[in-house]
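Visitor: What follows is the residue order along each chain.
Number of protein chains: 2
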Amino acid sequence: MSNSVDEQKAERHRAKMAKRKSAQDEEVAGKTVEEKGLLIVHTGTGKGKSTAAFGLALRMIGRGKRVGIVQFVKGAWHTAERDALAKFGDQVAWYSMGEGFTWETQDLARDIAAAERAWAKAVELMEDPSFALVILDELNIALRYDYLPLESVVAALKDRRPDLHVIVTGRNAKPELIEAADLVTDMTLVKHHFAAGVKAQAGIEF
Amino acid sequence: MSNSVDEQKAERHRAKMAKRKSAQDEEVAGKTVEEKGLLIVHTGTGKGKSTAAFGLALRMIGRGKRVGIVQFVKGAWHTAERDALAKFGDQVAWYSMGEGFTWETQDLARDIAAAERAWAKAVELMEDPSFALVILDELNIALRYDYLPLESVVAALKDRRPDLHVIVTGRNAKPELIEAADLVTDMTLVKHHFAAGVKAQAGIEF
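Each protein sequence line maps, in turn, to chains A and B. Each residue of the first sequence is one higher than the one before, starting from 1 at the first, in full-length UniProt numbering. Each residue of the second sequence is one higher than the one before, starting from 1 at the first, in full-length UniProt numbering.
None of these hints come from the bench; they were simulated from the model. Because the structure is a prediction, the values reported are computed rather than measured. There are no misleading hints in this set.
Because identical chains cannot be distinguished in the list, a pair is counted as satisfied if it fits within a single copy or across any two copies.
Computed list of lysine-lysine pairs in DSS-like fashion (alpha-carbon distance at most 30 Å, straight line):
#1 199 - 158
#2 191 - 121
#3 36 - 121
#4 191 - 47
#5 158 - 174
#6 174 - 121
#7 47 - 65
#8 65 - 36
#9 65 - 199
With the rest of the complex left out, here is chain A (with noise of 0.2 Å):
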């Protein structure tokens, strides 16, 4: 009788996973574009934007190809990840182009010219065909203060090489920008630590 039920379950188990195997299956058949480089968009209030993209750039790695990561207003932070990429050597070339985050700089003027240093530095990594993936991290935040002009950044990343990756990171992404992307994630914040007053932890938030 107990056994008769397991052997109920199994089946009812073994029927609905066969369904989604098929499913799945289908779906992948029905896949007509083999290779692309995606515009892929990391926005939301919540954490891992940017943890995702290194996330990426080690599957990158992991597969031989190489990296370009231009960070535009996270200058001092990040160090860590930094520092445990290095080991990839030349596979990975990293450019911290922000001087810390905005609101420690209070100048507009400066704000605006180093935007303008990392977009040059990014729009020299996607034109350089060495480089599978480029990350731009927390570009969104530069295009939200209006440092770059909007309609030409968005207009360079969909004129990308054709196998280019380029990752766009960082809160309240452009409608426009997202329009133009291939994959859009919103991390979003459920639930945060620092609300119980626990503090930025190393190697977690920094």
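Mind docking chain B on chain A? Use the hints.
Guide: This is chain B only, laid out in the frame that chain A set:
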């Protein structure tokens, strides 16, 4: 005249940023707990749950810490990240305990046995003081299908060493787990290239 407008704009910017900086400083000063291992959950239907966990692994590695990773169901995936992390030798301990996607196996008893083995490994890593971070990749899937007893899993996560960070990934995180967690992010799908007929890309999806 135009100069004066520019100056006013710069002044407004300076004042706004100074206010933000002050709010930021106050927030940081308000934190009372210096060091605390966090229970972090990455859930949601969007991309970046596992990837952001691997990005945090990179950050921990950059700070000289050891990271343990247990994969509950994605046996065949994340091979590129695993290859890349192998570069860090003993700093990373990686255990693929799943047997591929659950809908590939269609065998309930085998899935449960695999989940139990993975959980035993997770407990072992959590008890080993050499690890600063343990990633339980796709544990949420094992909990969702009741492959593991929710109550005792959540209890074990809550009772972990006070200095241990744990990241649990996977869709459909159980409310009991979210309740126990310090930091929860929902990776929300905004737009996906699969919908436009683009196949999974090497270095991005696998």
